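Undergrad: Residue numbers (our numbering), protein chains in the order written: chain A, 225 to 706; chain B, 225 to 706.
Don't read these hints as lab results, they were simulated from the structure.
Values in this document were obtained by computation on a predicted structure and should not be read as measured data.
Take these hints with a grain of salt, some might be off.
Identical copies go unnamed one by one, so any copy, or any two together, can satisfy a pair.
[Claimed, not checked] Only pairs whose alpha carbons sit at most 20 Å apart, straight line, appear in this in silico EDC-like list of lysine to aspartate or glutamate: (1) Lys346 x Asp525; (2) Lys324 x Glu309; (3) Lys283 x Glu272; (4) Lys346 x Glu686; (5) Lys324 x Glu368; (6) Lys694 x Glu327; (7) Lys428 x Glu396; (8) Lys283 x Glu542; (9) Lys230 x Asp623; (10) Lys349 x Glu554; (11) Lys325 x Glu397; (12) Lys349 x Glu553; (13) Lys346 x Glu250; (14) Lys428 x Asp276; (15) Lys349 x Asp253; (16) Lys695 x Asp683; (17) Lys522 x Glu306; (18) Lys303 x Glu662; (19) Lys283 x Asp550; (20) Lys230 x Asp276; (21) Lys560 x Glu474.
Number of protein chains: 2
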Amino acid sequence: MAEQRKLPSRQENYSEWYNQVVLRAELADYSPVRGCMVIRPYGYALWENIRDALDRRFKATGHVNAYFPLFIPMSFIEKEKEHVEGFAPELAVVTHGGGKKLEEPLVVRPTSETIIGHMYAKWIKSYRDLPVLINQWANVVRWELRTRLFLRTMEFLWQEGHTAHATAEEAEEEARRMLDVYEDFLQNDAAIPVVKGQKSNIEKFAGALRSYTVEAMMGNTWALQSGTSHNLGQNFAKAFNIRYLDRNNELQYVWTTSWGMSTRVVGAVVMVHGDDQGLRLPPRLAPIQVVVVPIWRKDADKSPVLDAAYNLTRALREAGVRVHLDDREEHTPGFKFNEWELRGVPLRVEIGPRDVENRQVVLARRDIPGKAGKSAVPMDEIVPRVQEMLETIQQSLFDQAKAFMEANTHTVQTYEEFKEVLATRGGFIRVYWAGSDEDEIRIKEETKATIRCYPFDHDGSEGTCFYTGKKTNRVAIFARAY
Amino acid sequence: MAEQRKLPSRQENYSEWYNQVVLRAELADYSPVRGCMVIRPYGYALWENIRDALDRRFKATGHVNAYFPLFIPMSFIEKEKEHVEGFAPELAVVTHGGGKKLEEPLVVRPTSETIIGHMYAKWIKSYRDLPVLINQWANVVRWELRTRLFLRTMEFLWQEGHTAHATAEEAEEEARRMLDVYEDFLQNDAAIPVVKGQKSNIEKFAGALRSYTVEAMMGNTWALQSGTSHNLGQNFAKAFNIRYLDRNNELQYVWTTSWGMSTRVVGAVVMVHGDDQGLRLPPRLAPIQVVVVPIWRKDADKSPVLDAAYNLTRALREAGVRVHLDDREEHTPGFKFNEWELRGVPLRVEIGPRDVENRQVVLARRDIPGKAGKSAVPMDEIVPRVQEMLETIQQSLFDQAKAFMEANTHTVQTYEEFKEVLATRGGFIRVYWAGSDEDEIRIKEETKATIRCYPFDHDGSEGTCFYTGKKTNRVAIFARAY
């Protein structure tokens with residue numbers, strides 16, 4: 225169980241704060257294999273809730289799940305030119321199987337466009353077979369040198385959608401639709417506001433025509449790419465010969481998309497909502513939404529307090545609330561308060577002898593520290609009041625995160641100002657942008673900031689590029705990013 | 225979509241019947257990587273239902289899910305002597321990552337006792353930390369030379385439970401409890417009767433003290449090991465130094481178990497219930513429980529028939545039935561009937577112009593062919609009648625499978641008789657058994673039959689070993705097995 229040493233504050237060492245929260249809240253642990261992590265039960269329960277919330281949305285938009293092999297022949301990866309350039313440096317390679325050297329090495333999938341493209345070429349014959357709307361829940365491996373729990377690990381869990389369409393328009397619609405699905409999930413379930421937009425040429429997926437992204441702002445004002453959706457055009461269709469007979473009986477290449485969201489999102493939840501006491505989990509995703517802590521000193525009080533605690537736990541559970549009763553006797557209430565705060569449980573119910581007498585309990589909100597977050601509630605109103613308060617907390621976390629993102633989004637006119645703001649205040653820097661790929665790379669080298677996206681919300685008006693001085697109607701958001 | 229060529233009959237070529245059913249019902253497909261399969265959406269939906277039905281039971285018995293790395297250092301596998309002997313020939317080995325040769329090769333997990341044992345040694349300190357009841361849903365890889373879709377593939381999906389306990393008794397209880405969970409799932413959700421028992425020394429898990437199994441009988445009377453549960457004693461605790469301080473403050477090794485069920489079970493569902501027309505899926509697991517087929521010829525009939533079909537589809541869906549409306553216009557009703565029979569949908573609803581007039585529909589059961597399985601039902605009773613009939617079909621599939629298993633279970637007294645029965649009738653052969661490991665191996669070489677288990681249902685009475693002639697109170701079940 226979590227230790228009670230104080231966390232480092234976010235101010236003093238954000239990176240260490242993050243690691244400590246993840247480890248001590250028992251979301252994950254380091255593994256003996258460099259760069260791989262162990263997702264512990266509490267972290268995995270959070271991931272299950274994320275997975276279910278996404279899966280519901282995928283199914284509601286007509287997608288079905290399937291499963292493709294972990295291993296991909298090396299020759300497949302090499303078929304799409306940009307794809308192999310992007311992924312070759314990150315591959316884990318199986319060279320031996322069953323005690324023998326393999327004739328062709330197998331790659332552990334870093335992503336599955338190639339093997340899925342191969343199968344689609346086999347399955348798709350006619351316009352009647354389109355669209356194909358398949359998603360896969362899977363583990364993938366990318367050989368990363370500098371890893372961080374959840375944010376960047378050698379192996380991670382994700383979903384990857386892979387769709388094939390008859391027309392360019394349908395593929396574009398699909399790529400944008402799934403970006404909206406990600407936004408909807410992040411905002412409504414994870415309480416994370418995002419900026420939606422298009423990736424720059426430098427940052428787009430290896431093999432994509434266009435990549436779209438939802439970017440979220442972490443508690444240190446850095447950006448985290450939280451989900452991406454790619455319009456792959458006909459690049460993979462041509463590499464894998466995925467063709468269909470159209471209504472005029474002519475062979476056409478399909479248009480494909482892919483889109484993914486991963487266990488990274490767990491890191492986003494930690495960094496967007498966490499405070500110096502630990503996690504603050506949005507109620508819709510929290511494995512435990514409510515913890516009940518019975519409090520007594522005298523032996524005579526134990527039984528009535530515990531009885532009342534059991535009863536209200538049962539009432540909440542029957543109403544569909546994810547509730548946990550912490551009736552351990554080896555720990556003090558204070559210890560338990562700290563522990564469940566560290567683990568981010570949105571709402572605590574305290575019940576002592578006087579509460580039992582008065583037929584009431586005390587609710588303590590995780591998002592409002594101290595007395596201000598406490599309120600007494602009559603015991604027979606517990607279920608509706610808890611449900612209502614969970615909704616309030618969900619909204620409050622989102623509002624706080626949104627206000628934070630807005631307060632830390634800056635517009636600048638010049639590169640000098642850009643560097644100044646980045647060094648002193650950080651955040652998202654919104655600029656007019658007419659630079660080249662080379663300009664973008666130079667800015668990254670000089671400032672470590674990258675283009676997170678060309679935001680969709682720009683109204684199209686014209687301005688002056690902060691870097692080149694050229695007139696342009698393109699706006700970019702730069703930021704330091706994980 | 226499924227083709228309409230006739231399937232080979234089970235009688236004429238069981239093995240080819242199986243492959244064709246799996247491929248043409250679109251449960252799975254071959255992949256370009258030898259021995260790996262692609263699980264197609266229909267097969268994956270079936271697996272999702274299996275997974276959910278198991279996961280519910282695991283959680284109800286106090287287990288939580290977690291996720292451990294795909295890669296295991298080679299040195300870990302070597303720590304438990306029997307374990308490495310059992311698994312070494314089946315390993316896939318990653319030797320290169322990120323463009324470089326690795327210092328220590330990584331094994332793609334064939335099972336996770338070793339890496340989980342390593343983590344448990346880190347997490348478990350005190351008796352208060354026990355029991356640890358963790359399950360993992362994951363892919364695993366075993367280098368198999370002769371593979372078959374679902375039954376034996378190089379990569380497969382499964383769950384693996386790994387638990388640690390303070391005492392030998394608790395570990396034994398856990399191993400038996402999870403075997404009961406598998407039996408409960410197989411009998412009640414998969415409609416598959418099983419024989420529960422203990423594995424022989426030859427057949428037990430590499431590294432286990434005792435292995436337990438649920439064995440099911442396939443449609444050709446062969447056995448399929450459908451789930452196993454292992455009491456690992458202190459073998460892995462000692463290999464990985466998993467110790468805890470007991471109440472007397474003394475260091476003790478924990479006792480561990482592991483248990484697993486895999487995508488093999490999909491193969492069992494195909495082989496236990498399938499007939500010469502294709503799949504017959506048990507309603508509780510069927511991705512589509514009811515298919516609605518509207519039937520019309522005259523244009524004037526189309527709209528009223530389709531309206532009625534939409535309405536009853538909606539009513540069934542709202543009642544929680546997994547229903548699909550097949551309103552394709554490019555196929556005849558006869559084509560659709562064949563197709564959904566091949567795909568094993570338990571119940572078909574036919575609705576034509578005359579039915580609309582009479583405010584009725586026709587229900588056709590997949591488990592009873594032809595007219596005998598058809599009945600007319602008033603439209604306003606559709607929901608309860610369908611629900612009731614799905615329950616009836618579920619039970620009927622189980623009863624048929626149970627009767628088949630019983631009819632094909634034989635007892636014999638001598639080895640001659642054993643060989644005779646095996647060659648002419650097959651099935652499960654129940655015998656008194658006092659043979660040695662060498663005897664068991666010799667019988668396998670001579671007859672291809674193996675000991676499936678020492679069944680728990682034996683009453684303990686004594687008899688004469690069919691092979692050695694010795695007196696014994698041990699009973700074994702021999703069979704050909706997948």
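Undergrad: Each hint should be assessed against the structure and marked as holding or not.
TA: Hint check results:
{"no.": "1", "hint": "Lys346 x Asp525", "in the structure": "neither (71 Å within a copy, 38 Å between copies)"}
{"no.": "2", "hint": "Lys324 x Glu309", "in the structure": "between (29 Å within a copy, 16 Å between copies)"}
{"no.": "3", "hint": "Lys283 x Glu272", "in the structure": "both (16 Å within a copy, 13 Å between copies)"}
{"no.": "4", "hint": "Lys346 x Glu686", "in the structure": "neither (48 Å within a copy, 59 Å between copies)"}
{"no.": "5", "hint": "Lys324 x Glu368", "in the structure": "between (27 Å within a copy, 12 Å between copies)"}
{"no.": "6", "hint": "Lys694 x Glu327", "in the structure": "neither (55 Å within a copy, 52 Å between copies)"}
{"no.": "7", "hint": "Lys428 x Glu396", "in the structure": "within (15 Å within a copy, 54 Å between copies)"}
{"no.": "8", "hint": "Lys283 x Glu542", "in the structure": "between (27 Å within a copy, 16 Å between copies)"}
{"no.": "9", "hint": "Lys230 x Asp623", "in the structure": "neither (27 Å within a copy, 61 Å between copies)"}
{"no.": "10", "hint": "Lys349 x Glu554", "in the structure": "between (66 Å within a copy, 16 Å between copies)"}
{"no.": "11", "hint": "Lys325 x Glu397", "in the structure": "neither (45 Å within a copy, 43 Å between copies)"}
{"no.": "12", "hint": "Lys349 x Glu553", "in the structure": "between (66 Å within a copy, 18 Å between copies)"}
{"no.": "13", "hint": "Lys346 x Glu250", "in the structure": "between (44 Å within a copy, 13 Å between copies)"}
{"no.": "14", "hint": "Lys428 x Asp276", "in the structure": "neither (28 Å within a copy, 36 Å between copies)"}
{"no.": "15", "hint": "Lys349 x Asp253", "in the structure": "between (47 Å within a copy, 16 Å between copies)"}
{"no.": "16", "hint": "Lys695 x Asp683", "in the structure": "within (15 Å within a copy, 90 Å between copies)"}
{"no.": "17", "hint": "Lys522 x Glu306", "in the structure": "neither (71 Å within a copy, 55 Å between copies)"}
{"no.": "18", "hint": "Lys303 x Glu662", "in the structure": "neither (27 Å within a copy, 52 Å between copies)"}
{"no.": "19", "hint": "Lys283 x Asp550", "in the structure": "between (36 Å within a copy, 18 Å between copies)"}
{"no.": "20", "hint": "Lys230 x Asp276", "in the structure": "neither (33 Å within a copy, 39 Å between copies)"}
{"no.": "21", "hint": "Lys560 x Glu474", "in the structure": "neither (69 Å within a copy, 27 Å between copies)"}
Hints 1, 4, 6, 9, 11, 14, 17, 18, 20 and 21, counting from the list given before, are not met by this structure.
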